[in-house]
Structure formats: C-alpha cells, structure tokens
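Colleague: Protein sequence lines correspond, in order, to chains A and B. With my numbering applied, the first sequence corresponds to residues 1 to 518, in that order. With my numbering applied, the second sequence corresponds to residues 1001 to 1522, in that order.
The hints are simulated quantities; they were obtained by calculation from the structure and are not laboratory data. Keep in mind that the hints are not guaranteed to be accurate.
[Stated by the list, open to error] Computed list of chain A residues with no C-beta within reach of chain B, every gap over 12 angstroms:
1. D133
2. Y164
3. K189
4. D207
5. A453
[To be verified] Within a straight-line C-alpha distance of at most 25 angstroms, the following computed DSS-like cross-link-like pairs (lysine-lysine) qualify:
6. K1388(B) to K177(A)
7. K1358(B) to K75(A)
8. K1210(B) to K1388(B)
9. K222(A) to K209(A)
10. K1210(B) to K264(A)
11. K75(A) to K1214(B)
12. K1210(B) to K58(A)
13. K1269(B) to K260(A)
14. K130(A) to K1287(B)
15. K1214(B) to K97(A)
16. K1395(B) to K75(A)
17. K1287(B) to K328(A)
18. K267(A) to K1269(B)
19. K1348(B) to K1228(B)
20. K267(A) to K1279(B)
All values reported here derive from a predicted model rather than from experimental measurement. Think of the CB as a built atom: it goes at the ideal place given N, C-alpha and C, for glycine as much as any other residue.
So you can see what is in the structure, the chains are spelled out below.
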Amino acid sequence: MLRSSGISIHPQASFIGAMAIADLIKTTLGPKGMDKILQSTGRGRNVTVTNDGATILKSLHIDNPAAKVLVDISKVQDDEVGDGTTSVVVLAGELLKEAEKLTNMKIHPMTIIAGYRMALECARDTLLQKTMDNKENTDKFRTDLMNIAMTTLSSKILSQDKEYFAELAVDAVLRLKGSTNLESIQILKKPGGSLKDSFLDEGFILDKKIGIGQPKRIENAKILVANTAMDTDKVKIYGARVRVDSMSKVADIEAAEKQKMRQKVQKIIAHGINCFVNRQLIYNFPEELFADAGILAIEHADFEGIERLALVTGGEIASTFDNPESVKLGHCKVIEEIMIGEDRLIHFSGVAMGQACTIVLRGASEHVLDEAERSLHDALCVLSQTVNDTRVLFGGGWPEMVMAKEVDELARKTPGKKSHAIDAFSRALQAIPTIIADNAGLDSAELISQLRAEHHKENCTAGVDVITGTVGDMQKLGIQESFKVKQAILLSATEAAEMILRVDEIITCAPRRREDRM
Amino acid sequence: MALAFDEFGRPFIILREQEKKTRLRGLDAQKANIAAGKAVARILRTSLGPKGMDKMLQSPDGDVIITNDGATILEQMDVDNQIAKLMVELSRSQDYEIGDGTTGVVVMAGALLEQAEKLLEHGIHPIRVAEGYEMASRVAFDHLERISRKFEFSADNIEPLVQTCMTTLSSKIVNRCKRALAEIAVKAVLAVADLERKDVNLDLIKVEGKVGGKLEDTELVYGIIVDKDMSHPQMPKRIEDAKIAILTCPFEPPKPKTKHKVDIDTVEKFQTLREQEQKYFDEMVQKCKDAGATLVICQWGFDDEANHLLMHRNLPAVRWVGGVELELIAIATGGRIVPRFQELSPEKLGKAGLVREKSFGTTKDRMLYIEQCANSRAVTIFIRGGNKMMIEETKRSLHDALCVARNLIRITQLCTAVAQQRYLAQLLLKLLQIGTLELSRSFADALDAVPLALAENSGLSPIDTLTCNPHCGIDCNDVGTNDMKEQNVFETLIGKQQQILLATQVVKMILKIDDVISPSEY
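Turn these sequences into a full structure, and let the hints steer you where they fit.
Modeller: Next up, the structure:
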C-alpha cells in the first residue's frame, strides 16, 4: 500500500499552528504591550529583548507549516513597509479563529473565503474614503508625521522619550526629500549615557580611527573614496610566480614591490586630496607615506560605510588611479575626530549632499540599543513610506472600528451563507482594539461596546485611549497611522488566512534517507 | 533451505532466491495495484475544480509549499509503491505534454481503476476490460473532436483565449484576479507566438517573482527583468537607447586552459608584468567602448580595477548574469553573445530603448528592467504577492495558463465544458451496446467521476447536478446557470483528449499486471 505519502493530518491542525503563533505574539500589541526575551540556543546564548513582531517570529523555531506562512507574511510586511509586523499576524490569527468557528458549523472553506474577499473589498474601500491627506500644507503634514512617528514609537522601548525620537526620525526622513532610500540614514549605536543623549548629526560619522601621525582635523577636505588593495598588489595574471635564485634578487624584487606601492601612493596623492578612505586594509608602509604627505588615511571602512560615504560626499569609489583629472572627488567642510563616550570616531561635517545624516543612539546596554535601533528603524520606514503616500488615518483602533462598521452593513445586505463569513471578518477586525485594551489591562468588553456605540455617530474620531483607559478622541490625542501600512496589514493578513483556509491536507514528506555507506 | 558441504567439508546453507522475495499473483496482484492507484487519486480528488482545496506539502528540509497543482503535489510526495509511481508519471506526462489538467487526469485514471475493480470481481478477464477501455477511449476521443468547436482569434480579438485561460486559473488560489492574470498570460503568449507556424516557444517567457505588494500589481513587461544590479553603486540607474554588449568572458586577465607558469626572476620582468596587467584591463574596457556599447552585461565577475575603469569610462555594467537570462537578453535585444573581447563589433550589440534599475520596499532589493527591446519577442511576467508561497503558487498557475494559451494557438479547438462528458457517456452507451455493454458502461461511469468530484467539491448534490443538456456543466460558482456556453467556461480539446488517452493507457498497463515480484526488505 501507499505508505510513504507521509502522515496526513486533520485540516484543523493547520489552523491551530497558525493560531498558536498569533496568540504568542498577541501580548506585544499596542502601547502597553509586553516585550519578549529571545534566547538563542547557539554559542554564547545571546539574549535579545524585543517587542518587534518580525524579530520575534524570525527567531522562532517552528515546524508547523501553517505557522510558517504567518512568519513569512510578517517578514514581508517588514520588508515592504517596515511596521505593523505584529498587527498583521494577529489579524490573520483572528481571521483563522473566526473561520474555525464557521467550519465547525459545517460551512465550506471556499464559502468563507468568498465572504472574506467581499469583506476585504468593502473594508479597503472604507479605508480609502476615510483617509486624510495634508500633502499641500507642509506644517500640517509635519504634524502628521510627528503623530505617526509617536504612535509607532509608543509601543516600543522608546515610548518614554517618544517625542524626542519622533522629532529625530521626522527630521531624518524629511532630509531625504521623498526618497525611500534609508541607506543614507546611518544609525550608530554607542553604549553609555541614556537614551535621551541620542542625537541627530547632520554630517556623517565613520566608526574608525585616524591613522597615527596624521592630521586630526582637516578643513575643506577633498576626499578620495577607494576600494583597492593597499597591502601588496596581487599579481592577477594567472600562473605567475616569482622564482629567484639568489638572496640579492629577493631584495631586488622586494624593492620593486615597494617602489610599486610608492608609485601607487604617489598617484593617489596626485589627485590633490587631503583625505583618503579605503575599504581594504592600508599597511604600515603606505600609511606612513600618506602621513608624510599630510593626508588623512582611513583604512578598512566596511562596504556600507564606503558606499554611504561616497553617496554623501559625492565622490566616486575608485580602484584605479591613472587619470586623476577625471576622478570625482568627494568634498566636505570639516573632518575631525570626535569622542562619543569612550570611543573616538571620525566626523565628516558639511557634506555635499544634504540628504545624509547620522543618528547616534546612546543607551544603557547593548540590548536597549538593539531594541532602540529596531524601533527607530520601524519609525523611519513608516515615515519614509508616508512621505511618498501622504494619506494618513487615525490610530488607536479607529480604522478597525470604522471598517468593522461598514463590513457589518455589508453582512446584513448579503444573502446566503457568505454573510456569516463577512460577519466573522468584522469580528476579527474588532478583535484588534480588544487586544490593545486587554494588553493595557482595561475592561475590553466595556470599552469596545462603548467604542462601537460611539462609531455609530457620523464622522466619529473615537478610539481606545490606553493612557486614561477610556474612549478618547483620536484627533485631539494626535494618534495617527499611515494608510499604506494599514492597507498592507489588511491585504496580507487576509491573503495568508485565505491560503491556510484553502488547505485540506498537510503532506509531510519523510526525511530524506541517508545513503547506506556503512 | 538446505544444508550442503563443500569439498573441504565446511557446511554452507543454500537459500532459494524466491523465498527472499514477496510475490503477489493473479487477482490479488491486480486488486493491490488498483488499490494503490486509487489511493493516489483520492488525495488529488479534493483539489479538483474552482472550489477545490489546496494541499500543504512539507519538504524534508522543512520548507512549505502550498499548491493545488496535481503535478506539483505528486512530484513532491515521496511515493514508494510502484503503481503509485506510475500515477505520478502519468500526471507528469500530462504536465509535459499539455501543461494543464494534471489533477483531472489522475482523478480519471483513479475512477477507471475503480470501475475495473468491479468488473474484475464479476470475473471478467483483465485483458478484456483493458480492450474494452481502449475501444471506449477511442470513441470518446472522436466524439470530443466532433462536439468541439473551432474558434477564431486574432491579435485584436483575444477574448476566447482569455476565457479559456480563466477557466484554468479559476481553480487556483489566484482566482481573485484571474481576469487580469489570464490577460497577462494570453498577451505574453501572443507576444512570443509565431502565428504563421503556429508555434510558441515558452522559453521566451520568463516568469520572475518578488515578494511584496499585492497580486494585482503583477505585470507583463515587454522586455527582460534581471534580478541583478549595476556592478558599481554609482553607475547610472537609467540608460536610454542602450547598446548592449553581451559578454561571456570575465573582465579579468586571461586564464589559458593549458597549465603554464610565468616565472619572474628579475625586477624588469616584475615591472613588465604589472604594466601588462594594467594594459589588459584597459584594453578590455576600451574594446567595449570602441564597439559603441553603452551597457555591458557579463556572465562573469569583474575585477575591482576593471569595475572602476568601466565606471570611469562611463560604461555601466552588470555582472554575474545567469546563462539562461543572458540568452533571453540576447534574443530580446537582437544582440549576439560574444565570448571574446576581440570579437566585439558594433553589429553584435543588442539594442534596448530603456534600461532602468528599480528598487522595492524598504530593503535594498533592486532589479534591472530592460525594456523596449529591438525584438519584442521575449517578455517577462513579473509577479508580486504577499508571501513567498503565494508567489510560487502563482508561478505554477501561470505556467498552466501559458500552456493552455499555447495549445490553443497550436490547435484552435475548444471543448465547451466539463460535464459534457456525461452526455458523451450516454452516447457511448448507444455506440457500444453490442457485446461489451458492461465494459462501456463502466467506462462511461468513470468519465462521470470528474464532474462528480467537481460537484462534490463545490458542495452541490452530485446526482442532481448531473442532468443532461449538451452544454450543461457544473455551476461551481453559484452563478445561477449551468450552461457552460453562457458562463464562458472552456477547455482545450487537446487537453481533454490527452487526459482520456493517457488515463486509459495507464489503466491498461496496470490491469495487465498479474504478478508483482519485489525483493523483500532485508
């Protein structure tokens, strides 16, 4: 008989795995959500403390296939819009939970899917209508951005100083002038001080030391950014080797090698530069030569550092140095060595491109810094997406309630079994504010029913105010979210739920057999 | 077993080979085989049709695939039984030949086996059953030909093609935007089709996917998309009227195949060697420049120095482009693949109206679009979707749709609907009433299995639904009519014919086996 097709599991199993993941991550949602400690099983047992859904899920070891689908959507959410990684998983989990109830009532999964799709359309249209756009008004738009940044940060470790960091993030993103290229925002972590000591620097900071005996401060620097070997130039012609028959010849070759390096350095100096940054190592000998010529030489800047430096100073990354007249050099006003905490860093200020900036994060420990970086990254992502798509919504469970209301209407209008599914969709949407309230230790049943009643009035702006534990006016509180993030959450969560619903059998392949070599 | 002694008086045991093997004979063998075949068909049965369910496959490495495509499910399953393997082969050959209907063919074979089992129990000889099936399949084949209808399409009227592709896509997870995807598939096929020769080379259609965005963002690009970026971060991201040099040689000093050594023993030689080296790079870049290229696409890597020289001479370049992609680029741009720098000449360059780099999302994913090519015969379908599994499944679904469109261009005949087979079955009865009545009826019953499964999967009452009307089908989507002509549900004739032929052949093969000898486990 057919024995190797593996174990087939009852379809419910696929729901359960996915719901378990959603339950796990549920408690991190919202401003009063809790963090998780992740401990790696590898060497050193590294510990990460985080509140970021994508990070938690990435580190989980999962063998339930349905759960993997959820992990995958949170990863995609992270890549696409950067924030809402927890919400997307929680919403998908809630959708599945509701679907499970319906399948227990013997409603065919395909009918549920059809209902979900209708509900999704309706919810999305509602969101589209309710968006606000302050593109024209720069001041107002800035307030929007501030609000969004604060809303995002309020659920993270930075919530204590959220205004400060929101300011940082908005400043940094606005400097980009509409590009979503977050590469030119550098985040530098230095333990020590408190989170409040973090600052935005308008120049560029390279975490490197200046070579010994070289100037510590250069004004009006001309920078050559290079990627070239500054130890010994390897001979690239295949099969070449040096074969000598006497000691004196060894000395000759060595001299020739030195000469070669000297020439290379001469050529570099001939560019008329006073700062040389190389991706690869610079050995003592060329370093000495540079020092003699009064040139600042920085070695071993990593790949990203080099690219970013080339980007901000406007120079090109050079590897050959034969035509100094046509190589574009980078410029900046001042290069100096600065101290942050105990470390000495190189600071480039007055760079050619105003877009770049560096955020220096300070904090008590590595863990705090890591988490702060993740939070700030989320905020930056959301902001940069919002700059492109300027539509915004209120937060605090407001969009969910608005969508739920419209979806409810639709359920009432739809004949047939599909209406159950549409109803379920609306319940799943309402679960999000419920969870936010639960996590804050509030009476969610009371609060949500109040909220729902509030939403039956026209143009309501009510949402959950977690701080006072009541229904509050989101407009006054200034809690806002980006439309793009919300839409992505809605779409991916429904897509994932649909995918898992469609499955009626899980086929586990037998582990690959080892070759018999005994 | 017997004990014997050799010439030195040492005992040894003689084992009869046969006893090491398990053996099934006669009716038992056939029954066991049929059971195995049916088991495979049973797995696939639920994923048939627009309301069919998906299967989640977990590979040994822990990767997850979610699919509805019969061929993929069977491919991924680790099947041990020989007969089950035959069924896997069956679905694979349908995939190779037609590309679609991989689930249907297995379900049909399963149904034929089920019917055959009953006949065998009645004591009818397997060979007679096999022959009866063969005859019946021939009649069915001809009949399908007769009830099929030709349809007209031209480059401006692609509606019939789109309709048929939509039927294929409606059973997949992508059915939410089947209309858009079907149009993409048809346009892609028409773009590469040679309507004169009625030939379509699907190799020219590249399907590329990137996680993120929504399924609706899936687009057809008249050109090539390469998942690569410019070799130097500061090269221009947008080139208009590009002249492309397509190279398969690395920007590195030559590496002769024969083993050789260059011995350096004096300072002079050391210096000449260095000069030589620099000259190599310089010449290589210069040759590209001389030929008039404004973009270099290379299969191999660049040395740092060469990279900078290229950048310096304002010659954007892309490295590490795969062989298949390189060929596609060559076809699309009308260029020649050049294996040596010496052979580079202006007429060998490919031309493209626009080459641009596009980035996605918040990560640093970039892709290179080569558009408005000299020869628009190569196209790319670029899929976006919520997660990796979604994209993989969309790729498979689109492959099916592409195959269907291609078959239609080859042979322009359609068969209206699924449950027509019922009508067909009745006709068969009439035709074969003499002599082998029982056989033909069982074949007809087996043909019913497909619409039956469809109705079951859609949650409809199977018996009620199988009424007979020439254009009648199963109304899976609750549209309200079951006239397939009105619903525009079409399938290709050749797909259906192949299903019947292949399924019958495999069943015949399985029925003819009366002895299974397999080595026992040791």
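Colleague: Each hint: holds or not?
Modeller: Hints, verified against the model:
no., hint, in the structure
1, D133, "holds, 21 angstroms"
2, Y164, "holds, 23 angstroms"
3, K189, "holds, 19 angstroms"
4, D207, "holds, 20 angstroms"
5, A453, "holds, 34 angstroms"
6, K1388(B) to K177(A), "violated, 32 angstroms"
7, K1358(B) to K75(A), "holds, 21 angstroms"
8, K1210(B) to K1388(B), "holds, 8 angstroms"
9, K222(A) to K209(A), "holds, 18 angstroms"
10, K1210(B) to K264(A), "violated, 44 angstroms"
11, K75(A) to K1214(B), "holds, 15 angstroms"
12, K1210(B) to K58(A), "holds, 19 angstroms"
13, K1269(B) to K260(A), "holds, 13 angstroms"
14, K130(A) to K1287(B), "violated, 59 angstroms"
15, K1214(B) to K97(A), "holds, 24 angstroms"
16, K1395(B) to K75(A), "holds, 20 angstroms"
17, K1287(B) to K328(A), "holds, 24 angstroms"
18, K267(A) to K1269(B), "holds, 22 angstroms"
19, K1348(B) to K1228(B), "holds, 23 angstroms"
20, K267(A) to K1279(B), "holds, 17 angstroms"
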